[in-house]
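J.: Use these hints to put chain S onto chain A, whose structure you have.
In the order they appear, the protein sequences are chains A and S. Position one of the first sequence corresponds to residue 1 (the working numbering), numbered consecutively onward. Position one of the second sequence corresponds to residue 1 (the working numbering), numbered consecutively onward.
Calculated from the structure, these hints are not laboratory results. For each residue, glycine too, the CB sits at the ideal point set by N, CA and C. Certain hints may be false.
[Unchecked claim] Here are some, though not all, of the chain A residues that point toward chain S, as calculated from beta-carbon distances under 7 Å:
{"id": "1", "residue": "Glu14"}
{"id": "2", "residue": "Gly42"}
{"id": "3", "residue": "His75"}
{"id": "4", "residue": "Gly120"}
[Unchecked claim] A few chain A residues facing chain S, derived, Cβ under 8 Å:
{"id": "5", "residue": "Leu15"}
{"id": "6", "residue": "Cys37"}
{"id": "7", "residue": "Phe83"}
{"id": "8", "residue": "Gly90"}
{"id": "9", "residue": "Arg96"}
There are 2 protein chains.
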Amino acid sequence: MRAIDEARKLYQGELVTVSRPDCLRLLALSRIGRVACNSAGGPLVVPVNGRSHGTDVYYRVREGSHLATALREGHASYEIDGFDDFHQVGWSVLVRGRVSWIASDELPEHRSEWPSPWAGGKRDIWVRLQGDDIDGRRLLP
Amino acid sequence: MRAIDEARKLYQGELVTVSRPDCLRLLALSRIGRVACNSAGGPLVVPVNGRSHGTDVYYRVREGSHLATALREGHASYEIDGFDDFHQVGWSVLVRGRVSWIASDELPEHRSEWPSPWAGGKRDIWVRLQGDDIDGRRLLP
Numbered sequence: 001m002r003a004i005d006e007a008r009k010l011y012q013g014e015l016v017t018v019s020r021p022d023c024l025r026l027l028a029l030s031r032i033g034r035v036a037c038n039s040a041g042g043p044l045v046v047p048v049n050g051r052s053h054g055t056d057v058y059y060r061v062r063e064g065s066h067l068a069t070a071l072r073e074g075h076a077s078y079e080i081d082g083f084d085d086f087h088q089v090g091w092s093v094l095v096r097g098r099v100s101w102i103a104s105d106e107l108p109e110h111r112s113e114w115p116s117p118w119a120g121g122k123r124d125i126w127v128r129l130q131g132d133d134i135d136g137r138r139l140l141p
Numbered sequence: 001m002r003a004i005d006e007a008r009k010l011y012q013g014e015l016v017t018v019s020r021p022d023c024l025r026l027l028a029l030s031r032i033g034r035v036a037c038n039s040a041g042g043p044l045v046v047p048v049n050g051r052s053h054g055t056d057v058y059y060r061v062r063e064g065s066h067l068a069t070a071l072r073e074g075h076a077s078y079e080i081d082g083f084d085d086f087h088q089v090g091w092s093v094l095v096r097g098r099v100s101w102i103a104s105d106e107l108p109e110h111r112s113e114w115p116s117p118w119a120g121g122k123r124d125i126w127v128r129l130q131g132d133d134i135d136g137r138r139l140l141p
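If we strip away everything but chain A, and leave its shape as in the complex, we get (with noise of 0.2 Å):
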């Protein structure tokens, strides 16, 4: 068990920032986040599916749902990653900014179905979470 718990600390990765351009990448590329918005019990943390725009993110709640509900205005985070189990390495990219329901015809490129929720109900709330803050760590191999 020592010569494993010792091979292990061996490979341990090293944790380096991702630069901003790549951050702005990654989250081109993504069509599944987690948006986190700040609640008394700890967070709410909702997977969405969310698009980017730039420095912008935009999703898709419907009406009731516990997103809306506890997030009309105000600040919100959105979180992508990736993982490797085997090699035990991954990325992450958190984005934060405010938050504030928009029009569909203020979507970027009138792009009026998009973001294509995956989940079926009503989802005709749109929301833009202006991106101020955007960080992304990863773990070399």
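T.: Frame of chain A, contents of chain S only:
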């Protein structure tokens, strides 16, 4: 395009609640998740190697790290999830409760090296999140 949009609507999944026993099973199997804690500009959300024991989640942090600085005591959340991009389905479990730094001999079953972080560096602060509130959702195909 209209036909594709209509087909997509036909296949949109239904979001259902995950039972508490299933939430605990998913937590027990999981080795990585995201700790979220409230902060002024939106929650801080950071992936960690976590391990659950019943309704509690344990993880380790490095002194001086973002997470250690932001949260010594107080409320936090731990989120795990899994997605299948092709079938456009997924699930998530959210644990909310109080966090406290503990001594290594307060770990369950005297697992002095447990949970085991992928990242290098001296992660010698053990943290316990007491899961007061656990719920999960999954998207049926």
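J.: Is the interface hint satisfied for Gly42 of chain A? The criterion is a beta-carbon contact with chain S at less than 7 Å.
T.: Because about 4 Å separates Gly42 of chain A from the closest Cβ in chain S, which is inside the 7 Å limit, the hint holds.
J.: Should the hint that Gly120 of chain A touches chain S count as held when the rule is a Cβ pair under 7 Å?
T.: holds (4 Å)
J.: The hint names Cys37 of chain A as touching chain S; please verify it with the least Cβ-Cβ distance against 8 Å.
T.: holds (7 Å)
J.: Does Glu14 of chain A pass the interface hint, meaning its C-beta sits closer than 7 Å to a C-beta of chain S?
T.: holds (6 Å)
J.: Taking the least C-beta to C-beta distance, is Arg96 of chain A closer than 8 Å to chain S?
T.: holds (4 Å)
J.: Go through the hint on Phe83 of chain A and say holds or violated, using the shortest Cβ distance to chain S against 8 Å.
T.: With a closest approach of 6 Å, the Phe83 of chain A hint holds.
J.: Can we keep the Gly90 of chain A interface hint, with Cβ of chain S closer than 8 Å?
T.: holds (7 Å)
J.: With chain S as the partner, please determine if His75 of chain A meets the hint condition of a C-beta pair closer than 7 Å.
T.: holds (4 Å)
J.: Can Leu15 of chain A be said to touch chain S, with a Cβ gap under 8 Å?
T.: At about 5 Å, which falls below the 8 Å cut-off, the nearest Cβ of chain S leaves the hint on Leu15 of chain A intact, so it holds.
Hint compliance for this structure: every hint is met.
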